[in-house]
Amino acid sequence: MALIFPKSTDKYVKIGALALATAAVAGGALAMYIGHPRVIMTGYQPIQPVPYSHKLHAGDIGMDCYYCHFTANKSGHAAVPPTEVCMNCHTRVKPNSPRLEKVRDSYATGKPVEWVRVHRVPDFVFFNHQAHVTAGVSCISCHGRVDQMVEVRQVEPLNMKFCLDCHRDPAPNIRPVDQVTNLAWTPDRDPAAIGHEIMVARGINPPQNCSGCHR
Amino acid sequence: MIQIKKQLTGKKYWRSLDQFYQAPEFQEWLNREFPAEAAQPLDEPSRRNILKLMGASFALGGLTACHRPVEHILPFSKGVENFIHGKPLFYNTVMSLGGTAMGLTAETYEGRPTKLEGNPNHPWSLGATRGYHQASVLSLYDATRGTPVRADAKDSNWNAFTSYIQNLQSSFGSGAGLRFLSEPINSPSLAAIRKHTLTRFPAAKWFEYSPVLTNSTAQPVTPRIAFDKAATVVALDSDFLGLDCTSVLAVKEFVRGGRKIKDDAPVMNRLYSVEPQFSVTGAAADHRFRMKTSEIGAFASALLGAVQSQSSPLKVLGQGGRADKALGAIAKDLLANRGKSVVVVGPRQPAAVHQVVHQINQALGNVGPVVTYLKSVSDQPRPPIEGIRELAGEMSNGQVNTLVMVGWNPVFTAPADLEFETNLKKVPNSIYLAQDFDETAAASKWSIPGAHYLESWGDAVAPDGTASIQQPTIQPIYNGKTAAELVALVSGYKDQKAYEIVRNYWLSAIPGGEKAWRKALHDGILPVTAPAASTTPVFHTSSPAPSPASGFELVFVPSWSVFDGRFANNGWLQETPDPMTKLTWDNAALLSPASAKKLGVTAGDVVSIERNGRKLEVPVFVQPGQADDTVVIALGYGRSKVGAVGEGAGFNAYKIRTSDTFGYGTGFNITKAERTYPLVRTQEYDYQEEPKLASFQQDAVRPIVREATIDEFKKEPYFADEMVEHPPLISLYGDYDYSKGQQWAMAIDLNACIGCNACMVACQAENNIPIVGKDQVARGREMHWIRLDRYYTGPIEEPQVVTAPVTCMQCETAPCENVCPVAATVHSPEGLNEMVYNRCVGTRYCSNNCPYKVRRFNFLNWHKHEDEVTKMVYNPEVTVRMRGVMEKCTYCVQRIQNAKIQAKTENRRWLKDGEVTPACAQACPAECIVFGNVNDPESRVAKMKLSPRNYGMLTELNTKPRTTYLAKLRNPNPELQPAHAVEEHRG
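For the record, the sequence lines run as chains Z and D.
Counted the way the numbering used here counts, the first sequence spans residues 1 to 215.
Counted the way the numbering used here counts, the second sequence spans residues 1 to 987.
If you're looking for bench data, these hints aren't it; they were derived computationally from the structure.
Honestly, I wouldn't trust all of these hints.
[Claimed, not checked] Label pairs and their calculated CB-CB ranges: (1) D:K740 - Z:R38: 48 to 54 Å; (2) Z:P46 - D:T870: 30 to 36 Å; (3) Z:P95 - D:A509: 32 to 38 Å; (4) Z:T42 - D:H865: 34 to 40 Å.
[Stated by the list, open to error] Chain Z residues, not near chain D, derived (Cβ > 12 Å throughout): (5) K14; (6) G59; (7) D60; (8) D64; (9) R117; (10) R120; (11) N128; (12) I140; (13) C142; (14) G144; (15) V146; (16) M160; (17) N182; (18) P207; (19) G212; (20) R215.
Quick caveat: nothing in here was measured; it's all calculated off a predicted structure.
Quick reminder that beta carbons are idealized off the backbone N, C-alpha and C, glycines included.
My request is simple: use the sequences and hints to build the entire structure.
Here's what the structure looks like:
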């Protein structure tokens with residue numbers, strides 16, 4: 001019986017199989033990479049209705065985070081401030097700037113400015129700002145150098161691994177409470193050692209059990 | 001000691017008649033892991049449906065990956081004083097119900113009230129509540145309240161109504177045709193408007209009517225009984241721990257006075273109960289005697305004779321003759337406790353019996369030290385039905401031109417013989433302030449939406465004169481008006497807005513001006529001097545007893561769920577089982593086992609109750625321990641105009657309640673109707689099989705609830721623990737070290753628990769627990785995290801009752817945890833058995849393996865049909881669970897976490913005792929649930945666990961439960977035969 005395929009076909013079959021396997025592995029790796037929280041969660045940078053620059057306010061002018069986010073150490077939510085807080089200054093500073101149109105409208109009408117949410121922990125998590133900020137975890141640990149961002153973007157994945165990494169070894173992220181909002185804080189020695197001292201002194205022991213965050 | 005133990009372990013408890021008789025259905029129920037239909041979906045899925053769903057999920061699965069949904073953050077434009085986003089704010093307010101004002105503290109999140117607690121400053125609440133108060137927050141968000149102003153069955157508006165009233169006012173003249181109908185007024189500002197109205201229109205009349213009898217409607221003064229000063233209490237047809245008193249003061253004082261005992265020097269009060277129905281007061285009694293309502297008067301007279309002549313005249317009284325024989329012993333007990341005992345009588349009894357009871361108390365020297373009489377809060381007290389009878393007569397004669405009704409639903413609740421609905425049609429201008437669009441609203445010319453108490457200004461006075469401001473916590477959701485606003489408009493009062501009415505009244509009534517007003521709002525009580533307590537009672541003259549007649553006696557009681565019917569559309573209350581019958585979503589004609597046998601009916605058979613041509617068809621339920629030839633029926637069910645929740649729930653007992661049978665009636669005929677009706681109750685689903693002990697004790701059972709008499713307890717303090725012998729308990733797993741840190745635990749004092757359900761409703765409110773509906777309760781799918789077990793013991797004619805709140809025991813070696821395939825239920829270092837909803841895949845192994853049967857599975861998405869307004873009741877600190885996950889009591893972990901965060905912020909590592917209170921413990925009027933850190937030797941819970949009465953339920957299974965119980969004690973009169981011998985009674 002004559003051969004239907006020439007002998008050289010074997011070679012192509014092998015190459016084809018290899019190519020398929022490589023493609024599967026590469027595809028899998030690509031999917032894993034794309035699906036990784038660090039890839040899909042970080043870098044989210046929506047356009048806000050008002051071109052508010054954190055870099056200008058928190059960085060260049062040097063306003064304290066608590067000036068606007070004044071509930072961060074009092075409540076679970078580090079709330080976005082009422083329009084009134086913007087107007088504390090902007091009735092005098094650039095009172096007619098067209099970029100502040102929406103803020104002035106909100107102040108006049110009582111309707112909120114529709115800010116777009118950037119940071120979001122997964123469902124079923126009851127994250128509490130107060131617990132973290134008052135323990136000495138700086139804003140920077142989860143939000144990055146917001147004082148250098150013109151438009152805020154998410155820099156950390158904020159997934160469960162991210163949380164647990166720190167809950168298991170909090171020392172590198174613990175600093176004196178009065179330095180929490182100082183994003184440029186550079187200690188003269190190992191921050192983890194300082195963090196460890198504070199943990200021992202204050203008995204900081206973050207929960208690693210489920211109901212610490214889920215309830 | 002061994003003898004005691006034998007006796008006690010031999011005591012048999014039973015939870016229903018089916019169990020008592022070991023009915024085959026019961027055995028089948030028991031042997032299943034889940035109820036028969038628990039695993040069935042509502043509708044059979046078809047192949048087509050499954051394919052459709054699969055297709056849809058593939059399509060949607062692709063879509064979700066596209067991009068992250070945009071979420072907005074909407075901050076205030078202008079900041080709100082004191083408001084911190086995410087932190088609750090608390091406002092003191094007051095709720096009026098059944099003639100009592102209860103000071104409450106409302107918890108609000110972002111401007112919406114979500115939870116109510118008792119105001120500890122308020123003397124009639126002392127920090128606790130009843131189930132009604134807990135559930136009232138759900139009524140606030142009831143969408144059926146959303147009916148607009150209606151005129152002549154057409155939608156209208158408030159402006160049209162005000163111009164209508166302004167036109168009408170010119171025709172009032174001196175008010176000859178102007179009538180008002182309200183509930184007994186306990187609001188001083190409304191009373192002021194009434195005064196103004198009756199001055200401006202001297203010929204106008206104001207009537208008060210309440211369908212629920214309280215002791216202040218039985219006599220024009222309110223007896224104030226200091227139960228904490230009474231060593232012996234005799235309750236004659238009185239449910240003072242339960243439905244006869246909507247405040248919690250009586251429970252608090254009774255429990256503090258003699259049920260919370262010191263273990264080293266146990267002193268307990270003694271409660272005798274003589275009653276036709278089986279009430280929670282009867283359940284708490286040391287001696288309970290069943291007696292027809294009509295015989296209570298004769299018993300009271302005999303008791304008076306026995307107390308006065310100090311001998312015991314014998315008359316044939318009571319069923320089984322036991323009460324009669326006991327009379328002498330009761331009198332002797334009362335005489336031995338002169339000046340520190342009390343006889344109380346229920347509001348269903350006529351004034352003559354109240355007089356006799358007053359004489360007994362006087363003869364014993366109790367009037368003064370224990371019983372005082374307070375001036376009625378209402379300034380025109382009349383016998384309960386006289387006002388509405390006069391009004392109905394005038395309406396029928398056409399004397400009423402304008403009728404303003406600001407009390408709840410008189411068409412539904414008025415005595416049937418007054419034909420209120422027919423007569424209302426004869427009134428040309430009928431105006432009704434409707435809480436929802438109910439029977440009266442449908443029959444009136446105008447119906448005005450009424451404001452809920454949590455959304456409007458008002459005030460209320462407790463019977464002792466303590467006044468509170470009813471402070472709103474939210475803007476009126478459906479533009480409701482208050483009674484004061486409506487009457488102020490009709491009568492042209494100087495203030496028209498509820499806020500101005502209340503504020504201006506109190507600014508002129510109390511010294512101190514603005515500052516005093518603000519303090520009153522903050523404290524929740526006003527510094528009003530209480531009226532002097534008098535020792536002279538006043539009695540209504542015209543309150544005759546129903547004349548004796550053959551046939552059945554009918555006793556009308558308010559419902560534990562719907563009260564007088566006003567909570568018919570409140571799902572939390574509808575699904576809360578009755579404390580004794582455990583019926584949900586329905587009422588029934590309760591009959592004693594002997595009466596049921598005589599009629600040839602069993603539970604679920606429909607009977608027709610008839611008297612003077614008025615008829616009601618209602619299913620029967622057999623209540624052990626009830627008086628023979630007596631039917632007990634709960635009012636308030638069978639509403640015809642009600643929202644979706646209350647539709648079809650129960651049977652309207654008002655149909656056969658006439659003005660001569662208002663409290664109870666005689667001469668009812670009962671015939672069996674040849675049909676049945678499915679009644680649903682929660683009792684047997686959660687039945688924990690009483691497992692046989694090890695082989696060497698073949699006949700004994702494991703006691704789940706444990707009790708002894710106080711004398712046995714003195715002899716053998718550790719009786720509860722010694723009731724069970726078991727081999728050494730060894731765990732396969734290594735023991736975790738729980739000696740460090742804060743270890744949460746709970747102790748429940750069964751001696752104090754009265755089984756009132758407040759904990760169940762409080763838990764439902766705190767933990768976003770869904771309701772499932774009658775059909776699903778029948779399948780055993782109710783979701784309550786805490787349940788109240790009610791055990792009978794003794795013969796079915798004269799059983800005794802033990803109640804036990806049962807919730808997740810937070811076992812240290814929890815059997816649920818090691819069967820979970822996905823580690824969705826695990827243990828925390830602080831001893832909590834944690835439930836992680838987002839890990840749960842719904843295998844239900846945990847529930848199978850739980851010996852306490854306290855886990856609840858979401859068979860369906862119970863929250864699916866909730867509208868946007870109802871969702872406002874959710875507690876934002878607790879996850880709303882979806883279909884397919886297991887849930888259970890968490891010890892209110894959200895409260896623990898928030899308290900811990902606050903403490904850490906203040907640099908405290910340990911919480912103070914009492915800093916965290918779970919919802920059940922906070923609501924409990926009997927203070928029987930205590931929670932705390934068991935590693936803190938000074939905590940109340942640690943001290944309670946050192947009590948000799950402390951025992952763990954099923955600890956022989958080596959579950960090491962964190963929740964333990966203090967065994968119940970009884971304080972029987974040694975002269976009396978125990979209510980039943982302790983030996984075997986199983987039929």
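A quick look at each hint next to the structure:
1. D:K740 - Z:R38: 48 to 54 Å: Hint violated: Cβ distance 36 Å, outside 48 to 54 Å.
2. Z:P46 - D:T870: 30 to 36 Å: holds (32 Å)
3. Z:P95 - D:A509: 32 to 38 Å: Violated - the Cβ-Cβ distance for P95 (chain Z) and A509 (chain D), about 49 Å, lies outside 32 to 38 Å.
4. Z:T42 - D:H865: 34 to 40 Å: Given range 34 to 40 Å: holds, Cβ gap about 39 Å.
5. K14: Per Cβ check, K14 (chain Z) is outside 12 Å of chain D; nearest 34 Å; holds.
6. G59: holds (22 Å)
7. D60: holds (24 Å)
8. D64: Holds, because the least Cβ-Cβ distance between D64 (chain Z) and chain D comes to about 18 Å, which exceeds 12 Å.
9. R117: violated (4 Å)
10. R120: violated (7 Å)
11. N128: Given a closest Cβ separation of 6 Å, the condition is violated.
12. I140: holds (20 Å)
13. C142: The claim stands: C142 (chain Z) keeps its Cβ more than 12 Å from every Cβ of chain D (closest is about 17 Å).
14. G144: holds (18 Å)
15. V146: holds (15 Å)
16. M160: violated (10 Å)
17. N182: The claim holds: N182 (chain Z) sits with its nearest Cβ about 20 Å from chain D, beyond 12 Å.
18. P207: About 8 Å separates P207 (chain Z) from the closest Cβ of chain D, which leaves it inside 12 Å; violated.
19. G212: Label violated. Min Cβ-Cβ 7 Å, cutoff 12 Å.
20. R215: violated (5 Å)
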